[in-house]
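Heads up: the sequence lines are chains L and P, in that order.
Note that the first sequence covers residues 1 to 314 in our numbering.
Note that the second sequence covers residues 1 to 351 in our numbering.
These aren't lab readings, by the way, just hints derived from the structure by calculation.
Everything hinted at is true.
Just a sample of chain P residues kept apart from chain L, beta carbon distances all over 12 Å, derived:
| no. | residue |
| --- | --- |
| 1 | Pro11 |
| 2 | Tyr45 |
| 3 | Gly54 |
| 4 | Tyr57 |
| 5 | Ala123 |
| 6 | Asp181 |
| 7 | Trp209 |
| 8 | Ser227 |
| 9 | Gly235 |
Pairs of lysine-lysine residues, derived as PhoX-like cross-links and limited to a Cα-Cα distance of at most 20 Å, are as follows:
| no. | chain 1 | residue 1 | chain 2 | residue 2 |
| --- | --- | --- | --- | --- |
| 10 | P | Lys138 | P | Lys83 |
| 11 | L | Lys307 | P | Lys83 |
| 12 | P | Lys140 | L | Lys307 |
| 13 | P | Lys83 | P | Lys140 |
Think of the CB as a built atom: it goes at the ideal place given N, C-alpha and C, for glycine as much as any other residue.
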Amino acid sequence: MSAVFEQIFQVGFLAAIIRIATPLAFATLGEMFSERAGVLNLGIEGIMLLCAMTGFTATSLSGSLWLGVLVAVLTGMLMGALHALFTVALGLSQHVCGIGVTLFSSGLAYFLYRLIFGQQSVPPAIKGFQTLPIPVLSDIPVLGPAVFNQFALVYMAIIAIPLAAFVLYRTPWGLSVRMVGENPRAADSAGVSVIATRFQAVILGGALMGLAGAFLSMAQFNAFTFGVVSGRGWVAIALVVFGRWDPWRSAGAALLFAFVDALQLRMQASGLGHIPYEAFLMLPFIFTIVAMAVMSRNAVAPSALLKPFRKEER
Amino acid sequence: MFRLEVRTSTPTWFNLALPLVAIAATLVLCSGLIALAGAGVLESYGVMFTASLGDSYAITETLVRAAPMIFTGLAVAVAFRAKFWNIGAEGQLLAGAVASCFVGAIPMPGPLAMLLMAIAGAAAGAVVALVPATLRVKFKVDDVVSSLLLNSVIYYALMALIEGPWKDSFSGYPISPPIEDSANFPVLIEGTRLHLGVIVALIAAPLIWFLIARTTLGFRIRVTGESPEAARYGGIHVERVLLSTALMSGALAGLAGVGEVGGVHFQVMSDISPGYGYSGIVVAMLARLNPLGVVPAAIFLAAVMTGAEAMSRATGVPAFLSDVIQGTALLAMLVALLFTAYRIRRVGAAS
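Just chain P, with the same shape it has in the complex:
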């Protein structure tokens, strides 16, 4: 028999290796599905790798896709640190996209437009995240359920906009009018889609890390998450911390939407997010809620998404494999996390 035993300390190399082990386990588990689809496992993973990280253009494409997941990953990491269960990053992203599209369509100088877009998008996301947080603080409503349900509400609101007042009267497509050309985020490398928002996302990660690890607010967030009782005893206003966490988390998720509007699509459509909000949960867990870890985790998932499409074209394996990989990676990482706290000990036959 085996039993779990509490670890007294966890070696550093072990902590760093865990996400890699989880990812390796995921790829091994999912290779069964590739085989089921009748394709070569190594060949399929090879195509995924080359198409996502094989050359400099592929790398920029992967980074463009990673940017929204860095933001949603940070949003989830910050929220989960305070045990504010924000599953609503998807809706907050959509709200951010809509708000920034409104602002971006107003003619004004480019830099000003981009700044206002970011502010509007972050504010919209923050307002949406404030709803489940307020409901929890004031009415004891479970934040998981309310933030999940809000995703649907925001999605339908977006649909009402693009099928109603925003609808393209010329083509009849349910898409918003484009933002002003001057508000389009500058492209950093000619011939790629690598835009300013990607750099902002990469800078946001260390900033949020600093905030969580080195500031008073970060300390309050961590203590509230670890033990609300201890936080209260230590004079921390737990409710206020939860609300500020929600504001920050929602703003980060809103910025994910801003980047998609300003840097990738330049307008809003119904499928502006292929579930980046939910991917943010996977990213945050792979990163073990560490803002610095969010960057490699988001790049990994982005590579899987970019690569899966190429793999599907080359080998006929359905591209939905990337969704399965996301779910499996999340579960594998959770199991891996178990081994930071526990070790497996063989128990003798006598017991």
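Next up, chain L with everything else stripped away, as it sits in the complex:
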């Protein structure tokens, strides 16, 4: 009996890790593409929030989940383009523009949500994504039910990781992205358009942030609440550093963080003595800061990160 209980416990725990990791993996990959092209996107927290809102709203009004995902992705691309307009085309400070984009998008998300749904005591909910077991694979003991009985968006995240690595390291476009992030002047003389490539990378990043937001409001919580993102965007930025700007390592960092977060939830639920639950909520953030301190020593950021590029200047 206890063996059965233990197994369920483990399956549930593993499944929880995967679910927590999914939005982080999307967000981290999105931020990674942007940074690999030399653009830090601090707008991520606000962009995820706005995408969670637009995706939820589109689904709530149309009844179609995939339409909601599409709207969230398009919102993310649009906000990515906005950030790129300021930082790439106009060459303004990436730090401050990112904060501006976050303030603007989160304000807009709350404003539009209130405008559309009004003030309600119980927030409206949607019937979100349901788990989709993959035949045969979901029958594998422990791993099967945890990994292969998940939301469609989870599978998309799992596919997105090798895909991102392939795009970044094995395609001409990926090479351009890495070049404009490392040495824009050399890329420019090699005939690569620095501005266009950076725009594309930031917009692709925005699309992935859109998927992250959509997952939160349409699979994890099935509602749009004010705490729906609650710092996950900021964590994704740290995970990119922790993952050394590499798709595989970044995804690994997301998994590791999700493990700490799931453990924290477990410890909270078990009511460990008289430790306040906030101590557990702090844990993932402290873990991230410590992890960054350990990793940042030999982490090498793309050398053109934060540096605007203007063709006519030296």
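Chain L is already provided as a structure; the job is to place chain P on it using the hints.
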């Protein structure tokens, strides 16, 4: 086609007009949202203006709200001058609030209590700001990310306090015990909430301006921000400058929290700051990192915040408009700043 061309000099009137142009652009852009909400644009802005600056009481309310943003705005301006990217003013404010609440609850003579509250709050904020600065100097950890993440850590620590040891055992509300009545900051005008802390904030701005513009430390901060290489070459200990900047920046943000506890709420609750730390970034940028400019910029944002609530009641436009205005103002100001360094030149069809 148009292209950007480097300006050789920027006229003074241009520098002064920029924030006004950015604000005007923001209000025009955001009027679209008011129209979307089905309200009259001029009417809505009119309500916002009257409710925030229309009479003497409204003005004092706006000033009370501006005070914490003057402090966080100064905190950000000082930090950004040295290119110490302190996005953690929110957490430093909360730490300052908690520390001053601890001190304020101890019975002692009023003036002493207020002084110790200010010292404790400033120290708490400084300690929090020292963490990202130390991590950057010692471990090369990006200060933007670490100061951002610290905001969450401090917030949960505050929550643990007010839901744990500080929790009101009688009502069960997650709020701290109130500070001693004697520690309440004196009200300056009878019948308003204009408290001593507002005056301190207004005095702090010229003091910090003096410090940045006229002292050796200020010079070191500016040189470090403009070019760390040049600073090093000139014999400036860049790491030490960064740490002192962090201490000063954190202390200023901590004082924002002290003012909220001593002058407005007299205790600590979870929503003691509606994001004053982040607003500080907007304030500092609108002020172009000039401590003197922080005062009008903070008053503008405070007026928007105070006015938005009245506008929401009168016209039904969601009060979150004030958040959108903040974000738009920041972005508009950044674009406006571009024109101090560059001018747009029309390039002939031939090129």
